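Visitor: Below, each chain spelled out in residue letters.
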Amino acid sequence: MAAVNTVLASVGRVQTPLWGLLLLSIVTLLFALTQGSVSLSPYQVWQAFTGESATLANTLVLELRLPRILAAFATGGLLAVAGALMQVLLRNPLAEPYVLGISGGASVAALLAILIGVSGVFLSGAAFVGAIVSTVLVFGLTQLKTAASSLRLLLTGVVIAAGWGALITLILALAPPQKLPGMLYWLMGDLAYAGSPWPAWVVLVAVCLILFPLGRSLNVLGRGALQAASLGINVKRLERGVFVLASVLTAVAVTTAGSVGFVGLVVPHLLRMVLGNDQRIILPASALAGGCLLTLADTLARTVIAPEQLPVGVITALLGVPTFLLLLHRGRL
Amino acid sequence: MSQLRLDQLVVDIPYQQSGFALDVTIEPGQVWGVLGPNGVGKTTLLHTLAGLRNARSGQVVLDDVPLTQMSRGAIAQQIGIMFQEHQDGFPATVAETVMLGRHPHLSMWQSEQGDDRQLVEEALKALELSYLSQRQIYQLSGGERQRVALAMLLAQQPDIWLVDEPTNHLDLHHQVSAMALLQRQGKQQRCVIASLHDVNLASQWCTHVLLMYPDRAPLWGEARTLLQLTNLEALYQQPLAVAEVDGRPIFVPRVAQD
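Quick mapping for you: the protein sequence lines, in order, are chains V and Y. Under my numbering, the letters of the first sequence match residues 1 to 333, in that order. Under my numbering, the letters of the second sequence match residues 1001 to 1258, in that order.
Please note that the accuracy of each hint is not assured.
Stated by the list, open to error - Now the stretches of chain V that chain Y is said to cover, found in silico as 3 or more residues with beta-carbon under 8 Å:
#1 132-140
#2 222-233
#3 270-284
To be verified - Coverage of chain Y stretches by chain V, computed from C-beta distances (three or more under 8 Å per stretch; other residues unrestricted):
#4 1068-1081
#5 1100-1109
To be verified - Derived CB-CB ranges, DEER-like:
#6 V:49 <-> Y:1110: 55 to 63 Å
#7 Y:1113 <-> V:151: 31 to 39 Å
#8 V:170 <-> Y:1019: 53 to 61 Å
#9 Y:1111 <-> V:205: 17 to 25 Å
#10 Y:1113 <-> V:205: 25 to 33 Å
#11 Y:1073 <-> V:122: 43 to 51 Å
#12 Y:1142 <-> V:22: 40 to 48 Å
#13 V:181 <-> Y:1107: 38 to 46 Å
#14 V:162 <-> Y:1064: 47 to 55 Å
#15 V:195 <-> Y:1122: 30 to 38 Å
To be clear, the hints were calculated from the coordinates, so they are not data collected in a lab. Computed from a predicted structure; not experimentally measured. Cβ coordinates follow ideal geometry from the N, Cα and C atoms, glycine included.
Using the sequences plus the hints, can you model the full thing?
Guide: What follows is the structure, given as structure tokens:
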């Protein structure tokens, strides 16, 4: 019986992996601050924070690197949590934040904004509006009304996403050549033009707090709508709530950094393979691990061929694919 | 202990125009077997009794309160249901799955306590699953998966047990343990309602039966009085023979010899 006791003891307890990931996140953020076209020592970074350093290091760290690194971390966290939520909502391990066409809507709006020549806040605003329009469209067409709705929702989302895809191709085909690089960078995800990182952080922290008491209910929902209802869950209400939260997370992420692929699909699965499938652990762990992955990917993107920069989405895929395949080959999925 | 009343209940079976009303009271301590041919609505009835489907008319009443006036959470604290089919979209261990049975008894802010772990451990032991507790659910055989579902219901500790084909996939030894488990629940003054495809299980283990006919009014009452050759031959549209084993009638289909 001792063996059973140890197994059961681990069910439903917040575990040390979360503290490990938190530590990893802090180390990652500090490491990212030291890297760039000019490398700094951790001590110089510390001096910049305490205001004792030379102005150059000060500007580098506080005004150039810090906002971008914070934006990268928050975006990664948003995408990973959105992915984990979508996978539970759709009861489908292939679901990811963009599967319901949210990034498609954002992309079409952003490309149109680039086409008419706006930038900065207006570009972000257009992307956000596009994401919300797409969400409302999918939600309105599905209405999440019956127990069998998750498949209906998935198919509606996939078809809407395909529609947006066609519009994106059309815009790219018709756009004047000088606008193409900007558009392509946006589509591949790029943190160089990320504005203030704070909206993303506020949303990430707020959603994690909202999800905190819902973890066990989401575990039950993952076993199917009927089973969840039989265990006392108001399935319709929970599904709607999760759909709205995941949509907001994705919309904010896309608005901050364009459509960065792969993080939302890969991070939750990597964590499930290592940590099991308790949403109370997977959701906060996704926020931290997603943040770390995108921060590291962005650090590589801006240093590998510095001063030139690579689109961060390319790096996340290049890092993620082999890691994922390795774990899948060995692991428990 | 709770009582479940079917008040002029007509179950909403798709594609079936006429419906017959059920007017049955299930008292604590009774073990009911629901018998009938394939597609007659046994599963739909159990889902309706769990409050997961709306009735066409009439109502299900738990201790004088209609289910329609109760929240899902309140229902789940008293009524538990084991489904015929088990959905396993995501990986989970046996122990984690059985622990889900404790969900209705915990508030949003609570995590599983020592008592819950104790109940899960006992449930695993009762279904002879302790040695599998760390195993992934998708690695189990059909019979083992079925026992996990029963263990989850046992951990939930409901007053009303609704079980859809509890002996599916089980070998003879585990069929007996599963039915004995249901009988024990009855002895502890719980209500048990099980849909069964094997009439002999009902004959051996059930105190009461509900016979659901596709084309005429259902029959319900004590198992001893209702489990008769004529009733059952009409139920399954199949000639039967009856023999007595250990004082209980055992029914065997007759096959035409040619």
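Visitor: Indicate, hint by hint, whether the structure satisfies it.
Guide: Verification of the supplied hints:
no. : hint                         : result
1   : 132-140                      : violated (count 0)
2   : 222-233                      : holds (count 10)
3   : 270-284                      : holds (count 5)
4   : 1068-1081                    : holds (count 9)
5   : 1100-1109                    : holds (count 7)
6   : V:49 <-> Y:1110: 55 to 63 Å  : violated (40 Å)
7   : Y:1113 <-> V:151: 31 to 39 Å : holds (36 Å)
8   : V:170 <-> Y:1019: 53 to 61 Å : holds (54 Å)
9   : Y:1111 <-> V:205: 17 to 25 Å : holds (21 Å)
10  : Y:1113 <-> V:205: 25 to 33 Å : holds (29 Å)
11  : Y:1073 <-> V:122: 43 to 51 Å : holds (46 Å)
12  : Y:1142 <-> V:22: 40 to 48 Å  : holds (42 Å)
13  : V:181 <-> Y:1107: 38 to 46 Å : violated (54 Å)
14  : V:162 <-> Y:1064: 47 to 55 Å : holds (54 Å)
15  : V:195 <-> Y:1122: 30 to 38 Å : violated (56 Å)
Hints 1, 6, 13 and 15 from the list above are not met by this structure, while the remaining hints are.
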